[in-house]
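Asks: Sequence:
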Amino acid sequence: MDVKHVSGGRTGAADGEPRPDPAVGPAGRGMEAVISASFVLLLIAAMARFLTHHPGAPGTWWVIALTTLLAVAYVGRPAVDGAIAPRWRRAWLGVFVLGWVALVLQAPSFAWSAVAIVYTALQLLPARAALALITVLTVLVVVAQVRINGPDPLLIVVPPVVAGLAATVFTHMQRQAARQRSLIEDLVRTRRVLASSQRRAGMLAERERLSMEIHDTLAQALSSQRMLLQAAERLWAADPEAAHRHMTTASDIAERNLVEARRFVHDLAPADLSGGGGLPEALRALARRETAAGAAAEGTAGDARTGGPTVRFRIDGDPVPLPPAVEAGLLRVAQGAVANVREHAHASDAVLTLSYLDEDVVLDIADNGCGFTPGQQGTQGPAPHRGHGLRAMEVRLRQLDGTLTVESHPGDGTVVSAAVPLRASGPAVGPDEERPA
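All letters in the sequence shown, in the order written, are residues 1 to 437 by the working numbering.
Hints were generated in silico from the structure; no laboratory data involved. Glycine residues also receive a C-beta, built at the ideal position from the N, C-alpha and C atoms. You may find that some hints are simply not true.
Claimed, not checked - Okay, the calculated beta carbon distance ranges per label pair:
{"hint": "1", "residue 1": "Gly-202", "residue 2": "Pro-323", "range": "15 to 25 Å"}
{"hint": "2", "residue 1": "Leu-204", "residue 2": "Thr-248", "range": "33 to 43 Å"}
{"hint": "3", "residue 1": "Arg-29", "residue 2": "Val-162", "range": "19 to 29 Å"}
{"hint": "4", "residue 1": "Arg-192", "residue 2": "Val-146", "range": "54 to 64 Å"}
{"hint": "5", "residue 1": "Arg-29", "residue 2": "Ala-205", "range": "36 to 46 Å"}
With the hints as constraints, model all of the structure from the sequences given.
Replies: Next comes the structure, spelled out in structure tokens:
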């Protein structure tokens, strides 16, 4: 089955586009929690250092208030991100950075928390804007550290290196998250397409199954009923008793096939196989019914074709038990083939032969009818509608790893042979026999 692969995700953000949010799933939420906790701890440490080194300094209270406000704003941001438009998130970041810069100018130790702001900038800003902001933050950190510790080459080198590493790591995480999100979206789409295809395939398979069951059971029964009712109509005035018998037989066929219809709708085994006699007994019953129905209607209008063939059943070889699916499939093949004989072959005799070979079980349905040219039955010849039944037989046997062979020639009758590999062994019924129905 060909499944169209539709890709709708993005593997990264181009310059000028907002960066994708990597906080997707438990891992992303865990990273958010770690960054938020780190930011709060760094603010607390910076506040403690400020209060320790500058006790009673002017503006202490507004530093405490602004620090608290920044901590609450940073921790609460992920909870409201989904309800805020991207432009308002970027505006929030701008106000937040201004507040942080005010703290750094008042107390340089607050520069320690810059890493968390780098993470947020990479989330909310396009790539170029994020890099520009990171550069500004790095300069502020260097200036703040020089104010605290005096000129030092390490203070000039280390912050840019740390900022660069942090930006690289976060960017890589974002791209990985976006790639994973894209793969998940593609997988979900593919699974939807596959599920839809499977549903459609299931519907078509069920439609085909019902079509075959209708052809091999209901259509066959309707054909027999039509034949009997036509005979009863012709005999209604001349022989009411015979007409009544035909009506009774037609009613019995209708009742039996009502049961069959209920069984195949629920995908149950054919009624003939539910009595415990297995496939041989079911084929024997089929031959008996067909012979009785044909004899009841035969010759009522001076034409033997108004009746049906005499159907005999025989077994060759030592019978073995078969899987239920094989028994049901071969019985349906027999029913379809016998229906073809009755409808199209104009035969007087038909023989069902069930042969148990070393590796296969073979069902042959032979008739002495008018025959046809295999391969042309759908377009010409005496059986213009015969092809559907043969196709149904082929489908059934293909499902059982079996084969269907049709031998026929106009005027020489037809032999339909269905072969299925044996999958069980052991005696099932009595010895070889041949019985006219």
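Asks: Now tell me, hint by hint, if it's right for this structure.
Replies: Results of checking the hints against the structure:
no.	hint	verdict
1	Gly-202 x Pro-323: 15 to 25 Å	holds (22 Å)
2	Leu-204 x Thr-248: 33 to 43 Å	holds (40 Å)
3	Arg-29 x Val-162: 19 to 29 Å	holds (25 Å)
4	Arg-192 x Val-146: 54 to 64 Å	holds (58 Å)
5	Arg-29 x Ala-205: 36 to 46 Å	holds (44 Å)
In this structure, none of the earlier numbered hints is contradicted; all agree with it.
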